[in-house]
Amino acid sequence: MPLAPDDVRKVARLARLAIADDEVAPTLDTLNRTLDLIGQMQAVDTTGVEPMSHAHDVSLRLRPDAVTEPDCRDALMANAPAAERGLFLVPRVIE
Amino acid sequence: MSATIIALAADLAAGRVSAVELATEALARAQASTLSAFITLDPERTLAEARAADALRAAGSAGPLTGIPFAQKDIFCAEGWRTTAGSKMLGNFVAPYDATVVARGKAAGLVTIGRANMDEFAMGSTNENSAFGPVRNPWDAARVPGGSSGGSAAAVAAGIVPAATGTDTGGSIRQPAGFCGITGIKPTYGVVSRYGMIAYASSLDQGGPMARTAQDCAVLLNAMAGFDERDATSLQREAEDYTRDLDQPLDGLRVGVPRGWLGDGVSADVRAAVEAGIAQLEALGAKRVEVDLPHAQYAIAAYYVIAPAEASSNLSRYDGVRYGHRAAEYADLADMYAKSRAEGFGAEVRRRILVGTYVLSAGYYDAYYLKAQQVRRRIAEDFATAFSACDVIAGPIAPTVAYKLGEKTADPVQMYLGDVYTTLVNLAGLPALSVPCGFGEGGMPVGLQLIGGAFSEARLLNVAHRFQQTTDHHLRMPPAGAPGAGGAQ
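Protein sequences, first through last, are from chains A and B. Using this note's numbering, you'd call the opening residue of the first sequence number 307 and step up by one each time. Using this note's numbering, you'd call the opening residue of the second sequence number 417 and step up by one each time.
This is chain B alone, in the form it adopts within the complex (with noise of 0.2 Å):
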């Protein structure tokens, strides 16, 4: 199914098709699948939520998207669902509450086909953490889908929903996003809530849509978005409607070029789909200006100190006492502790949660933690000056596409280094989307990132919107019979 959420929400509109109904393809399809783009399928409670929503439609009282099937990040708790993040430490967790996210999903009448695999804690850049298995990507079933939102974005890639919600720390909706040939969005820090979004680095992680198309996800932003009382970080600020902008033309618009980001940082296909995606932007009458983003090259190293130290201080929740994985045997209550979270937590989880405790330990505070700070700020400021003589900023969303499984897993601190375009706007708190831009070794799509000012996902959108009008890009489909893309039609 390659159906857009647009043209599905016209088919349930006129009744030519119900949620159920839609529900049961997606449910099908994602059984059929070998992709391992879901942790957990709960059928029952699938076809009650589609039966909520065409319960809804019948008393007149539909949205927009009402009865569209979704795939669900399996980071969101949802009362009633398994909720695992990726992890064994929360395997047998079933969440006793609906995170914002969901109760706005919810509220809007989306249907859950499942909860979507993903890097264990939203930690990993190909979703080869997952305690649940990898993810394989629909384009080619030797090659991972990227991570973390993994599961998410090969669930869309391969037909078996229209959409999906992603969280993104690092680069994680944008990123396994363009490994997989489809759009994703995150917003700025503060406009989708976190509460009830299992944490991570709280100071970096945003939720946001990911789907076929720009248009998918403005829609799907406006469920989404929105001030939280339950989230101390979410921005108090009037409601937008993020679609409002989606046809605006592009005469004019400032797109602008770090310099050296399509050198020789990024592989030859990366670099030849992202020029031609800029040169698109041209022709629909934007205008290249080059940008200096002078301490971007340090935002690997900023990133890799906040985030470990904030994952560290976050997951010291887990102790095997309230809930979570507890260790059969032990000696003492220390014990316990140790022995749960060793056995609860996979090999990168662990690594992340001792360069965080590293990091933040007596001594090396001011060092490491400070440091990484001043840098994020020093980073920010550079985005403040360039966005100065630009509108929108352009560029790779990776180095390379998608690559092999067990490709990188052998060596962490070099699959670190993959995020050297996404992690700066994290650290900046900006949004960012990633726009299907071509092909590339392989027959791997391509993404193309475009970064915004703060709040200007409703600009961005219209970007990647005009965009799509012109390129079919987003529109192909994997192969029919690529392996493991079972479920496409």
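Chain A on its own, in the form it takes in the complex (with noise of 0.2 Å):
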């Protein structure tokens, strides 16, 4: 069943992605033609098929629980959009 425009405002919203009304129209387009193409895999027949997650059939690694990395907070704290005293800045959300 094709995607109607409101499924492509709450999809944006799950994403935490802004869509402006006259991109909805355009956006749906894509979404369901898009998902036409994702379709064809129904034609296979999967029956009992084990889904496959990881490319090699090994179990992922466990390591020692250390301290690995050096301070470099100074440089992370660099890339931030709005910092002030060593803290991330964000918009007030408890008043």
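Keep in mind the hints are simulated off the structure, nothing from the lab. Glycine included, every Cβ here is placed at the ideal spot set by N, Cα and C. Incorrect hints may have been included.
Said to hold, decoys possible - Chain B residues, not near chain A, derived (Cβ > 10 Å throughout): (1) Ala430; (2) Ala523; (3) Ala558; (4) Val673; (5) Ala692; (6) Ala750; (7) Asp751; (8) Val775; (9) Arg794; (10) Gly822; (11) Gly858; (12) Thr886.
Claimed, not checked - Straight-line distance between alpha carbons at most 30 Å, and here's what the computed DSS-like set of lysine-lysine pairs gives: (13) A:Lys316 to B:Lys824; (14) B:Lys820 to B:Lys504; (15) B:Lys504 to A:Lys316; (16) B:Lys824 to B:Lys504; (17) B:Lys522 to B:Lys504.
Both chains are given apart, each in its own frame, so use the hints to dock them into the complex.
Set out below in structure tokens:
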């Protein structure tokens, strides 16, 4: 079932992406055509097929719980859009 | 400059040229070029790296790559370098640390000429999705270089640098290599560390080398590959010398050609060049066999679920708080997120985030994401079956040669269809390379794809190397004076 304009607004909200009213229609068109393309895979019989989430049949490693990173606080804070006294600034969320 | 790494390394070792001289020449070519192959040039940093390489040599500690100039795809974090991933979102981001690929390059003495242009967050097949403008194809400036590693491919093809790094999530090393007439290999998933490589789709992303020859790719891969405990999916394996089998004869090599891959789905010029490439392998002693990859036709569908799903998760980190673009005006925190992301991401990235968010949303997960992962296994099983009947698989990289800028931008879904011969390899996690096999419409290069079983990089490079010893497609340079090929000598 193709998506409707409200679906696009809902998905955009879930994705935290602002979407202008005049962008909804073209976005809807591309998304629906992408979903048509994706829908081709429904033709494959996958009964009993184990989903493949990793290219190799291995389990992920664990490592010792040890400090590995040097102190790079200044370099990290230098990329912050807004910072003060070593803290990231965000809009007030608690009145 | 059309010299290979091997040739330049000999000149450096003999003292005929210094790393600083090579870097200065490459910088001049990069600055004179009109291809937009680079997002950032930083001559001071480049020359500092070159001086360090010369010092390493003076101290008697030079390796085979010490002093070789190269282009670093702008997706690998490099301490002190602006690292943008082709996005306005990271337009002011200076990496605070080195990716493992960068650290390994430094240790080998490679010299970064600049940061190669790319499709934003590696999402694209034309390099038109870069926030820093499209890259031009050195063979015809009206055409795309391919993507997402388009800057890397153009810089090598134009002779600005002899080598570059790339990353390949659904074809992003192989397709631009094919479109620009160079050689590029996507290794087996887990062979090259993803640490510090800005994430697109983590279960598919893999870095690899791009150069003029398979031999050069092998030497580069020796420096790039290896276990890295900082990447949870890096494979713990013995180090390999990828040059070890380069000169092995191809007698008895079974080359599998998937049924239907050289039919109506590819243009006549690509078909002719790929057929000629396969015939050349037969002349070298290989035996052509037909194989079946019955689920290959569903690879694009599965890829355009899995990659956007992983991308929507990976790119949730760009929230305008800790780094990256923040909108100038907003009402509250939620509004700041939404506006910062809408402004910072380009159209294709926003599209893929929306698709990924949708297929992972409540009620759709099983129908899309789980189904795609099951199709993914079917594709991997197809390969396993095929490789019981052949040693390598040969076929096209893309259905056509490089097309004109703007030709596919109006319809992104049409662009996705061009990934028909590449995405399945990433889904299965296998190694594959692109080797120039001829020229098609408009005199544009055509790439031959060679796909191997897991960890068969040395074998693939061997086949490509022997191929290149008896062909000269890879030695051809874009015509002198071709528009935009400024810097080619």
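Structure-based check of all given hints:
Listed as outside the interface, B:Ala430 is consistent with that label: its C-beta sits roughly 39 Å from the nearest C-beta of chain A, beyond the 10 Å cut-off. Consistency note on B:Ala523: stated as away from chain A, and its beta-carbon is indeed over 10 Å from all of that chain's, at 18 Å minimum. At roughly 26 Å, the least C-beta separation between B:Ala558 and chain A is larger than 10 Å, which holds for a residue marked as non-interface. Even its closest Cβ contact with chain A, about 23 Å, leaves B:Val673 beyond 10 Å, as expected for a residue assigned away from the interface.
Distance check for B:Ala692 against chain A: the nearest CB is about 32 Å away, which clears 10 Å, and the non-interface claim stands. B:Ala750, annotated as away from the interface, has a beta carbon of chain A within 10 Å; the closest lies near 7 Å. For B:Asp751, the requirement that its beta carbon stay farther than 10 Å from each beta carbon of chain A is not met, with the minimum near 8 Å. A Cβ of chain A approaches the Cβ of B:Val775 within 10 Å, the least distance being about 8 Å, so the stated non-interface status is violated.
Residue-level check failed: B:Arg794 sits 6 Å from the nearest beta carbon of chain A, not beyond 10 Å. For B:Gly822, the shortest C-beta to C-beta distance to chain A comes to about 17 Å, beyond the 10 Å cut-off, and the non-interface label holds. No beta-carbon of chain A comes within 10 Å of the beta-carbon of B:Gly858; the shortest separation is about 28 Å. The claim that B:Thr886 lies off the interface holds: its Cβ sits roughly 33 Å from the closest Cβ of chain A, which is beyond the 10 Å cut-off.
With a C-alpha separation of about 28 Å, the suggested pair A:Lys316 and B:Lys824 falls inside the 30 Å cut-off, and the hint holds. Annotation: proposed proximity of B:Lys820 to B:Lys504 holds, straight-line Cα distance about 24 Å (limit 30 Å). For a cut-off of 30 Å, the pair hint linking B:Lys504 to A:Lys316 stands: about 25 Å separates their Cα positions. Only pairs whose Cα atoms come within 30 Å are accepted, and B:Lys824 paired with B:Lys504 is accepted, the gap being roughly 22 Å.
About 27 Å separates the Cα atoms of B:Lys522 and B:Lys504, which keeps this hinted pair within 30 Å; it holds.
In the structure shown, a violation is registered for the earlier hints numbered 6, 7, 8, 9, in ascending order.
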